[in-house]
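Student: Which chain is which? The protein sequence lines are A and B, in order.
Under full-length UniProt numbering, the first residue of the first sequence is numbered 1, with each subsequent residue one higher.
Under full-length UniProt numbering, the first residue of the second sequence is numbered 1, with each subsequent residue one higher.
Simulated from the structure, these hints should not be mistaken for lab results.
Incorrect hints may have been included.
So the derived list for chain A, only partly shown, Cβ under 8 Å to chain B, looks like this [said to hold, decoys possible]:
#, residue
1, ILE104
2, THR106
3, TYR120
4, MET287
Nothing here was measured: the structure is a model prediction, and the numbers come from that model.
A virtual CB, placed ideally from N, CA and C, is assigned to each residue, including glycine.
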Amino acid sequence: MESLFDLSLINSTLRMMAPLLLAGLGGAICARVGIFNVGLDGLMLMGAFLGIAANVLFENLILATLFAVIGTAIFSLILGYLIINLQANMIVVGIALNFLSIGITTFTLRTMFDVKGAYYDNEMAGLPVIHIPIIREIPIIGNIFSGQTPIVYLGILITILLFFFFRSTVLGSRYDAVGINLTAAKSQGIKVKAIQYQAIIISAVLCALGGVQLSLGQVTMFSENMTAGRGFIALVATMLGQSNPFGVFLSSGLFGFTEAISIRMQSMNIPTNFTLMLPYVITIVAMFIFKDKTQLNALKNNTGSTR
Amino acid sequence: MNKVKNSASKMMQPLLAIVVGLIVGAIAMVLAGESVLNTYHEMWKGAFGNFYFFTSTLERSIPIILAGLGVAFAFRAGFFNLGAEGQLVLGAVTTAIVVVYLPFTGVIAIIIAIFSGMVIAGLWSFFAGWMEQRFQINLLISTLLLNYIAVLFAGYLVSEPFRDTSSAGGVPQSVMINDAVKLPALFEGTNLHMGFIFAVVATIILAFIIKRTTFGYEVRMLGQNRFFAQYGGINRKKVMFTSMLISGMLAGLGGGVEVLGMHYRFIEGALTTPQFAWTGLMAALLANSNPIGTAVMAIFLAALDTGSLGVERNTDVPNAISDIIQAVLIIFISARFTFTFLKLKKKEGKKHGKSI
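Chain B on its own, in the form it takes in the complex (with noise of 0.2 Å):
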């Protein structure tokens, strides 16, 4: 009974968070002097409202999905890898470079691709993690710093050597894939891709890990109480490694279907300025690290976005609405989290007393 009642209370919070960020939404609106009601009809119109547009809902969850369960599994194991965004452009990039010079096609390359995507990615990660055990070199600080490193890295790569000089001037970006090496589109018409199939995949198997292994009991451990995990034996380094190995990986694996499934070639700033990493961290935050919670907050926070878009189109509402709505939600989330721990803090102190 106490159970239920305790996951149900899980539930709330993020829910009431969406409220609060739903009705500051609602006052941003009003200054903008439109119906709040037509406007939030427009923006689940925009998102949800008919086939094409709740498929583009999705597709756009594909890397906020895979970038916040790689932050979600480094939180869970205690570790803050604010790194997704390098990670996600090295997976990227990795994918469309090695896909155009593999002298065949067909799965086994997308396969090879995504693969060397993901394992670029993840040693990227690794390497932040590396620096921390050994060097004592802060995570979130070289995690932060190896984004810009990675970024211009693969801006050079698309900008010089790989670069597709067929159309003049533009953005830099590398050549077009090869069609049979496209990740096929789920529905004809659409542009929702094989990715998504990837990402639901992952957020299970994710789950299951965390839920289930030995190794998941470890990463929970660590991430709750690093001195006791290390005082039960845990290895403190192997688990960090693999967390953060994995952590990467996954970013990786969302850049990596972004090229073979949307964009069809690594075009310099497009997985960075929709923000698809920060977006996936937000996710990570508002589920609190569950695997399933996370994936369920990107595809909310993408439906923020193309409802947003759907507003702009229809309404004086810019779409600077869904950054607004995001951002309330995040805060309301951050003091939360301090709510249940002074609430934890009470309850000890109360317990001291009577001991006393």
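Bound-form chain A, shown alone (with noise of 0.2 Å):
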């Protein structure tokens, strides 16, 4: 049992929750505005495919995220205009555009690249492993932040950012004035419908680069159906997390946190269905225990029943 617990593992942990945390943190800010988004793991995945095909065309990994972030930003507005102009049944949409962004990424990939099943090319360049100079020579920190992707880096700081503007701008109190009461907000001359909008394009975004993360940083290759439900764990995390940036952080930690640990129990023939299925069970009964005003909120917009 030596090998189960060390500080690579926290190390592998903040690996494997970057792409949780940044969907989820998308996931939170639509919940604040009132949109229960279900297409997260659609969003992810279209970023993770135009992440690995803009990397191939421009072979330059700042290009390759911005085309990834830009084109999962306009895919996004399907769901936009279907949830926010037309009253479309949250659910329903998002679930559609799920499969449409399995369709369009799986069928691009079989007509573009020619190849069925995973694209990978060896001489491809992934995301590079930063070790931040000061942080690398403390002995436990170093250990546990130092060589990970920007992208990593990134999800941490906008957790920070994301709360902040929630909880000091006038704007994030404004995208909760939308989640809580649509109608009043729009009565005190807030713009709702771009206030959404924005919401699910930062949502979008944030998705795009949870999918950059896995496709060019934990590994260097598209697969089909490679977000394999991650997008709808991170609607748990963003749940159990009571979409609260910080409280995001922690879920996806613990989503990561057990991945990482399943990974390494599986190399020792352990069975992980039981260590997979824990956050499924802790979010149960947190649920029990507190009750999201957002998401409830958020579902209650849902035109169409729910309950």
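These two chains come separately, so use the hints to put the complex back together.
Tutor: Okay, structure coming up:
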């Protein structure tokens, strides 16, 4: 059991949790403005695919990331138009968007790259690993925090920024106002639709970054449906984290930890089903204890019946 | 006359969605550099081209029909059950284990095994309903979470205690069932098994329950207007528990017949990878939760799946074309909900205007 727990486990937890954290923060923003975003998984998959595709085209990681972010943001406008302008059922549209994303990415992968299953190129560069100069030298903290991709650090930074955005900025309170009571917010002259569009686009940007971390950070390849439901896990992390940025950080940390430890246990031939199951059980138990008002509010806005 | 017109317009909308879906599919085919007519012809041949393909399509539709019926029934009562996947898998794994450990074989063993799968799946769905009723745990979220727990637990069952150890390595799976408990094929040399009959019978029974029984009336009332239904003395708790139980049992039946008729064992991922449960949900949505419509749509979606396999075999268009067409269908249908909703709102507004 010695090799099961050590400091590098926390290091790999950070790496595993980054996509979940970013997508989860995206889900949290949407929940704060009253949108229950089930399409996180599809947005993430689109980001992962565009990242790889653009990296093949431009052979430049910054351009690739940018391309993924912009492309996914445009893709998310479908979601925005249907939910915000046409008032379509959020869950139905979200599920459809996930299918559309699987369809488009797989279709393009097979027609453009002529491969089935997975695309990889040994020559292709992945996201670089950064060793932060001073922190690296500190014994324990260095082991934990150093040696991650830029997106992992960006994820931590965005968590902090979002926390202050919701706590201390006017725009942040407007977001909350829209989520708490749409009609009241409208009567106060807040541009509700614009804010909801912003939230969806920001969540798409975050999901795209999470997707790029998956396809260019953790590995350097794209495989069909490679998110494998991570967007839904991120959605659960949003709920467990009560749509609060730090809450989402902690809950996606929990999911990342169980994923990291399961990978180790697999190499030691211990069945991992129960460790992987743990976060969902914890989330259900947590729902008995806290009642997440934002999520429930978001669901109430949903046209069509949810309960 | 009005009634005929009404049902005709109800039929028109899904048809219009299908046309739009096929147009988008055609655009994708052009982008892939293939002739549209030729590709659709291949799709038709892959789905219905000969008797074998036709029966394969019907076979694929079995779990989709049953999961879709479950979703449709709960939706009729106003409950969004996203847990069909977990219920399907639990029904399948229970059936696969029970049938192997029963001391006897034959028809009775089949009935007991399928029924126990249905009961476990039904209770799993009931559990979500109970949490909603008793502790206000949102049904959408709980059914989604319970999926993961069910799928992981089923995976554990076949990778540890009930694993088939005769074949080394590979995907975790349970032991092969006895020949005497396999569901017979409907036609010699095809995959289509008895489960299809079950699916058709379930569709008819469900349509009858919803249309003609008191309970069905209560379900519809509750789904249309919760407050009116409660005012009218309908017991929400009772209707909810029953509809969630039936909803889960239908999905469980889908899993059970798939094990006994198709795979002859429970294979991890065999029911989740093809996304049967989510396709069933789409079928229910496309058909506006009408049982017979759900079954027809399930066969249509299954045909898109098997047809696109034919397309991939014979052209350069990948089978992901079916995912794109299906997604566009759903997006169009969900927008359609809105149009009718907006129309209703406008009408209401006009009425108010007159009365004032």
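Student: For this structure, which hints from the list above don't hold up?
Tutor: Hint 3 is the one this structure does not satisfy, whereas the remaining hints hold.
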